[in-house]
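Engineer: Take a look at the letters that make up each chain.
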Amino acid sequence: MTVTTAGAGDRMGPRAAGGGRWRGRAIDLLPAAVVFVGVLVAWELIVGALALKAFILPQPSAILAALRDNWAAGGRFALSTSAAATLLEALGGLAIGTVVGVVVAFISSRWVTARGVLLPIAVAAGAIPIIAFAPLFNNWFGVLNPLSKAMMAAVLVFFPVMANVIRGLVQVPPAAVELMRSYAASEWTILRKVRIPNALPYFFTALRLGTTLSLIGAVVGEYFGGASFVLGRIVVQSASALRYDVTWAAIFLMAGTGIALYLAISVIERLAIPWHSSVRGIDSR
Amino acid sequence: MTSAQAPAVVRLTGVDKVFHVGDQTTTALTGIDLEIRRGEFVSLIGPSGCGKSTLLRIIADLIDPSGGEVAIGGKTAGDARRARDYGMVFQAPVLFDWRTVEDNVRLPLEIMGWDAARRTSKAREMLDLVELGDFLKHYPYQLSGGMQQRVAIARALAFEPSILLMDEPFGALDEMTRERMNSEVLDIWERTGTSVVFVTHSIPEAVFLSSRVVVMSARPGRITRIIDVDLPRPRNEETRESTHYFALVTDVREALRDGQAGRDGASAGGSGTGSLDRVRAEDGVG
Chain A
1 MTVTTAGAGD RMGPRAAGGG RWRGRAIDLL PAAVVFVGVL VAWELIVGAL ALKAFILPQP
61 SAILAALRDN WAAGGRFALS TSAAATLLEA LGGLAIGTVV GVVVAFISSR WVTARGVLLP
121 IAVAAGAIPI IAFAPLFNNW FGVLNPLSKA MMAAVLVFFP VMANVIRGLV QVPPAAVELM
181 RSYAASEWTI LRKVRIPNAL PYFFTALRLG TTLSLIGAVV GEYFGGASFV LGRIVVQSAS
241 ALRYDVTWAA IFLMAGTGIA LYLAISVIER LAIPWHSSVR GIDSR
Chain B
1001 MTSAQAPAVV RLTGVDKVFH VGDQTTTALT GIDLEIRRGE FVSLIGPSGC GKSTLLRIIA
1061 DLIDPSGGEV AIGGKTAGDA RRARDYGMVF QAPVLFDWRT VEDNVRLPLE IMGWDAARRT
1121 SKAREMLDLV ELGDFLKHYP YQLSGGMQQR VAIARALAFE PSILLMDEPF GALDEMTRER
1181 MNSEVLDIWE RTGTSVVFVT HSIPEAVFLS SRVVVMSARP GRITRIIDVD LPRPRNEETR
1241 ESTHYFALVT DVREALRDGQ AGRDGASAGG SGTGSLDRVR AEDGVG
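In order, the protein sequences belong to chains A and B.
When the letters of the first sequence are read in order and numbered with the working numbering, they come out as residues 1 to 285.
When the letters of the second sequence are read in order and numbered with the working numbering, they come out as residues 1001 to 1286.
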């Protein structure tokens, strides 16, 4: 109620105008970073204090050392080569699943009969546990071909992309469609000017989900055999050699790859739809 | 501004509308005869469910009538829509989040194939008209509700439609903002000479704005009275305080009450007062 607070708010607003937006974002992430580091430190200390054997739970420092020692290409576990290969499979799957999901979404949102045919198939495909496909895809695309892993990722990515994009294309405010009809706009124009922009936030939500899903699909595929230098194989092989420090290093690399993909999509989203409430924050009015 | 000799821009003859939901049929409108002359400002007023928004959508060719004829300046409603004769404003502003204020106003001009330079100059001219010339690059979420509705009005008028159709455009605004918007709409109407069909459930708003107030009644939706509003123009704050204005407000209120009483006639002896209270409650001045 008092006037004295006026002006105080614009000093340190977390989403202050202009260049402060990105810095504000970094400040938002600070608590998560502090907790993450805190957990690592606690892990290090507790494992040390309890004198746990390294094959039960290695210390973060040991994992870091394993990461460093096995990073280079040509080594027994070649983590850098493996991470790049897995990332490539995941990205390929993300791309294939997204493109197919978007195409199917456009077709089914345009033609009701197509929706009737495609949706049940898509739902059925989405309901099958992804593991079931692994031997099939190895057989179809070749166990050593990265495509067999990318297809695992694609199947996982496809469903949320399709479902979300259909929703974005269809769930347009009725008054917006009436407005466009009052301009005598064609269906094609309504699609371009209203439905597609309306679907963009839904699309990006699905894409962010897709980053994690694509990594899961690729790694699950790798477990069922394939080239030696991929993160999934490294996990299997290092564990059977009781090199759990390397196993953990590979797991950390998977997490890092997932986070990097997720952040990359988030950045693209911010640039593509700065007007959307999910991007600008709900407090900016 | 309006003369009785001006040609009819909207002519409705015996318009009916029946909705079928499952095996239920609802008569939304029956026997609507109405002529709106060029440059006229006509309000449709009535209780919820009287079909006033349905009637507006029939004029706009957004829904088809079940019977009767709709002629828009000698054309069918469909031809009029394809000829871009209608500007529409809804209760919600229906601005597109991803477009700036200026780009929202440019949208109909893009669809109608105007070249870029003309689009820009026209959009700016319209935004100046609604006094939002300083907000061209703002996004809708950065504006208040009243400002958003002004953008919607600028957008509706940008391509110079011959008829402006407004469906409770200020229903979501507070009373102060609504009165200011009323004056602005009148100002714009007087400057552009557009014919306006304005749906509202506010009696004072209908009287203040209109050349004629069309009073409707529900179940089935029909026109019960048409009241000429002969208040002098330009209208302003003084208008709102004149005795003649109050007399007309009372006229409209009684016409609404009669329409209600006609419907409730059989129900109870005291139905007259009951209906009056209901109408007052609906128009928000009681």
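Hints may be right or wrong, so weigh each one.
Listed below are several chain A residues computed to face chain B (Cβ distance under 10 Å; list not exhaustive) [as the list claims (entries may be wrong)]: (1) Gly126; (2) Pro129; (3) Tyr183; (4) Pro274; (5) Ser277.
Footprint (simulated), chain A over chain B, 3 or more residues, beta carbon under 8 Å [as the list claims (entries may be wrong)]: (6) 1084-1095; (7) 1107-1121.
Residues from chain B shown here face chain A by an in silico Cβ test under 7 Å; the list is partial [unchecked claim]: (8) Arg1081; (9) Phe1135; (10) Leu1136; (11) Tyr1139.
Honestly, the hints are just simulated from the structure, not real lab data.
Built from N, CA and C at the ideal position, the CB exists for glycine as well.
Engineer: Take the hints in turn and mark each one as holding or not.
Structural biologist: Tested hints:
1. The closest approach between the C-beta of Gly126 of chain A and any C-beta of chain B is roughly 30 Å, which is over the 10 Å cut-off, so the hint fails.
2. Interface hint status for Pro129 of chain A: violated, as the beta-carbon distance to the closest one in chain B is roughly 38 Å, over 10 Å.
3. Proximity of Tyr183 of chain A to chain B holds as hinted, the smallest CB-CB distance being about 5 Å (cut-off 10 Å).
4. At its closest, the beta carbon of Pro274 of chain A sits 9 Å from a beta carbon of chain B; the interface hint therefore holds under the 10 Å criterion.
5. Interface restraint check for Ser277 of chain A: the shortest CB-CB distance to chain B comes to about 7 Å, inside 10 Å, so the restraint holds.
6. Counting residues of the region 1084-1095 of chain B whose C-beta lies closer than 8 Å to any C-beta of chain A gives 7; at least three are required, and the coverage claim holds.
7. Check result for the region 1107-1121 of chain B against chain A: holds, 5 residues qualifying (beta carbon to beta carbon below 8 Å, three or more required).
8. Restraint check, Arg1081 of chain B versus chain A: the minimum CB separation of about 6 Å is within 7 Å; hint holds.
9. Interface restraint check for Phe1135 of chain B: the shortest CB-CB distance to chain A comes to about 14 Å, outside 7 Å, so the restraint is violated.
10. The criterion of a C-beta within 7 Å of any C-beta in chain A is not met by Leu1136 of chain B, whose closest approach is roughly 15 Å, and the hint is violated.
11. Restraint check, Tyr1139 of chain B versus chain A: the minimum CB separation of about 5 Å is within 7 Å; hint holds.
This entry does not satisfy hints 1, 2, 9 and 10, going by the numbered hints stated previously.
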